[in-house]
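Student: Single-letter residue listing:
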Amino acid sequence: MERRIVILGGGTGGTSVANRLRRKLGDDARITVVDRDDRHVYQPGLLLVPFGLAVPEKIVRPRQQQLRDGVDYRCGAVDRVDVDDRHVQLLDGTVLGYDVLVIASGTRLVPEETEGLHGPGWHETVHTFYDLDGATALASALPTFDGGHLVVNVVDMPIKCPVAPLEFCFLADWYLRDRGIRDRVRLTYVTPLDGAFTKPVATRTLAGLLEEKGIELVTEFNTGQVDGEAGRLVSFDERTVEFDLAVVVPVHSGEEYVGRSPGLGDELDFVPTDESTLQSKVRPDIFVIGDAAAIPTSKAGSVAHFEGEVLVDNVVRHLAGEPLASRFDGHTNCFVETGFGKAMLIDFNYDTEPLPGRFPSRVGLPLLRESRLNHLGKLMFQSFYWRALLPGRSIPGITAAMPRTGKDFDALTGASRQ
Amino acid sequence: MPEKVYAGTAVTVNDEGFFTEPGQWREEMTSELAREYGIERLTEQHWQVVKHMRYQYEQNGTGPNVRALARSSGVTIKELYQLFPKGPAKLAARIAGIPKPRGCI
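Each protein sequence line maps, in turn, to chains U and Z. The numbers in the working numbering rise by one with no breaks, and the one at position 287 of the first sequence is 911. The numbers in the working numbering rise by one with no breaks, and the one at position 24 of the second sequence is 28.
No lab work stands behind these hints: they were computed from the structure. Predicted, not measured: the structure shown is a model, and the values here were computed from it. Built from N, CA and C at the ideal position, the CB exists for glycine as well. Check the hints yourself; a few may be wrong.
Computed, partial: chain U to chain Z, Cβ under 8 Å [to be verified]:
hint	residue
1	D770
2	D1032
3	D1034
With a Cα cut of at most 30 Å, we get these calculated DSS-like pairs of lysine-lysine [as the list claims (entries may be wrong)]:
hint	chain 1	residue 1	chain 2	residue 2
4	Z	K104	U	K784
5	Z	K55	U	K905
6	U	K837	Z	K82
7	Z	K104	Z	K55
8	Z	K104	Z	K82
9	Z	K82	U	K784
10	U	K837	Z	K55
11	Z	K90	Z	K8
12	U	K837	Z	K90
13	U	K966	Z	K82
14	U	K1002	U	K966
15	U	K823	Z	K8
16	Z	K104	U	K905
17	Z	K8	U	K1002
18	U	K784	Z	K8
This is chain Z alone, in the form it adopts within the complex:
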């Protein structure tokens, strides 16, 4: 597993950049993670989504897909794409330090 350093702490991620051990994530890593994925500045709305993603993971053992994320966070799908271009659920999951949302197969 590749190792990465965020906020001075080493963490393990998989080949797609998702944390393999969500317990290693800290809030102070968020800005650095966001920059890595092309988001220069995290707004309050970004934070709201990231925290919500994290909460959903802790409740359900998986992050929601984009439609469920929109329903449960109150941020519309369009807004989610503006905040996290090209795949909000996956991008927000990477920044929130949780595994890839378990898509239904």
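Same shape as in the complex, but just chain U:
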């Protein structure tokens, strides 16, 4: 009997899983991917757009083109999921029944949750690079910025790619030096975290890099208000940071349909999910991949890629009535652009924080250390993304399980020689 698999979201996770499932199940399953538009954005490119290092049109491709033959694509917004009757209702009235539902609808920006963020000055003195419109507007604004206080502010966690705001700071430093006006700009990173990053070893390295580049760090700043006219961020505990130009990462939530679907999501509209099997805690026939899942990983494309292997195996087992056997260890891998043609690489999972060393083994890219090789890796990644990651292909030598060989575990005790 043909099984019906509905995948909500045609982004990194949804597309790669659809392709993997199609390859694995062939005509034994009818696979439908639903998304509200047909524009797949290569999100790592958004960081580069404001600096003129990427062109907006070049980082967008049709979603449908990324799907294998035999995968149905339906363009439409989801109204809600009925988890009891196992169907998805679209806003246009279409009803899609499913045997397995894969939620891959990611996260959305909700700037309206922060007082004033969408007010006077939006896209003038207050910007974001977290969506294509924002990144494009910032690309127009940055060249006219000739001096003053440039503030990069994360309003609240979780956010997509938690290193991107730091990368923005590093690239801004490079860009301003290139223009010969760095000495006229005060550059500050304002974060709700108690350090530059969440984990101690990487926090030390990244905070050191900020200091080296003359970028100030303001921590534990929970932004309550953004006043674009007065040029001021105000925190809930009534501290202020003044700015001439603010680059703000707005609050993130899960998709609205999650909130409209009784029993499906948590307070922030993310879906409670077993962090190991990727089966939802809502129903056994619902699996979750990528940013939509309420699990303690970074909201990052690499996570979705590594999750794909585990999720597909578990979906197939579930359909066959077998116990779920694949386990996700929280593997995350990110290049961190640091400017001047260099980048760092971090690689970690639920149990192991980002450490120095080499990836994927003792011979490989340097971890938690600036290098040109990592920058080249990041540049090459874009073509790899469209050609291998979205088609759902595994990468030779790099698996969902985080490699331990090559990592300097001594760094945890401060005994590292690096």
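Assemble chain Z onto chain U, guided by the hints.
Tutor: Using the frame of chain U, we list chain Z on its own:
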């Protein structure tokens, strides 16, 4: 691990003051814990948040972050900052005897 005494009972906390064994927490420790973190008197609303924090931890294995705390407890973020200045989620977690809320990375 540092050891502390609240309401006459020794408990273990980590370097940041979060309980490492939430099972050691008792309601009668709350006022003493609150005073240690600069809250002289616990109002009914403080209690509501602390109990909610504890409940969320028992349900989900982690306390919520401040936004989720506001959504689920019905106390607005502004009010939470008035009740627990400088970081309500972390402060309420310390007073509720649960580990540091697991921030998404």
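Student: Would you mind confirming whether the straight-line C-alpha gap from K837 (chain U) to K82 (chain Z) stays at or under 30 Å?
Tutor: Status violated; Cα separation ~35 Å.
Student: Is the hinted pair K1002 (chain U) and K966 (chain U) satisfied, with a Cα-Cα distance of at most 30 Å?
Tutor: Answer holds: K1002 (chain U) to K966 (chain U) is near 10 Å, not above 30 Å.
Student: Per the CB criterion, is D1032 (chain U) less than 8 Å away from chain Z?
Tutor: Cβ of D1032 (chain U) sits 20 Å from chain Z, so the hint is violated.
Student: What's the verdict on K837 (chain U) and K90 (chain Z), does the C-alpha distance respect the 30 Å limit or exceed it?
Tutor: holds (28 Å)
Student: With the threshold set at 30 Å, check whether the alpha-carbon distance from K104 (chain Z) to K784 (chain U) stays at or below it.
Tutor: holds (22 Å)
Student: Would the hint on D1034 (chain U) stand, with a C-beta cut-off of 8 Å toward chain Z?
Tutor: Interface hint status for D1034 (chain U): violated (21 Å vs cutoff 8 Å).
Student: For the restraint on D770 (chain U), tell me whether the closest CB of chain Z is nearer than 8 Å.
Tutor: This interface hint is violated because 36 Å lies over the 8 Å limit.
Student: Taking 30 Å as the top limit, are the C-alpha atoms of K784 (chain U) and K8 (chain Z) close enough?
Tutor: Not OK: K784 (chain U) and K8 (chain Z) at ~38 Å, beyond 30 Å, violated.
Student: Is the Cα-Cα distance between K104 (chain Z) and K905 (chain U) 30 Å or less?
Tutor: Given that 30 Å is the threshold and the Cα spacing comes to 23 Å, the pair holds.
Student: Taking only the CA atoms, is the gap from K823 (chain U) to K8 (chain Z) under or equal to 30 Å?
Tutor: holds (26 Å)
Student: Could you grab the alpha-carbon distance between K104 (chain Z) and K82 (chain Z) and see if it respects the 30 Å cut-off?
Tutor: holds (21 Å)
Student: Do the alpha carbons of K966 (chain U) and K82 (chain Z) lie within 30 Å of each other, as the hint requires?
Tutor: violated (41 Å)
Checked against the numbered hints listed earlier, the structure breaks hints 1, 2, 3, 6, 10, 13, 17 and 18; every other hint is satisfied.
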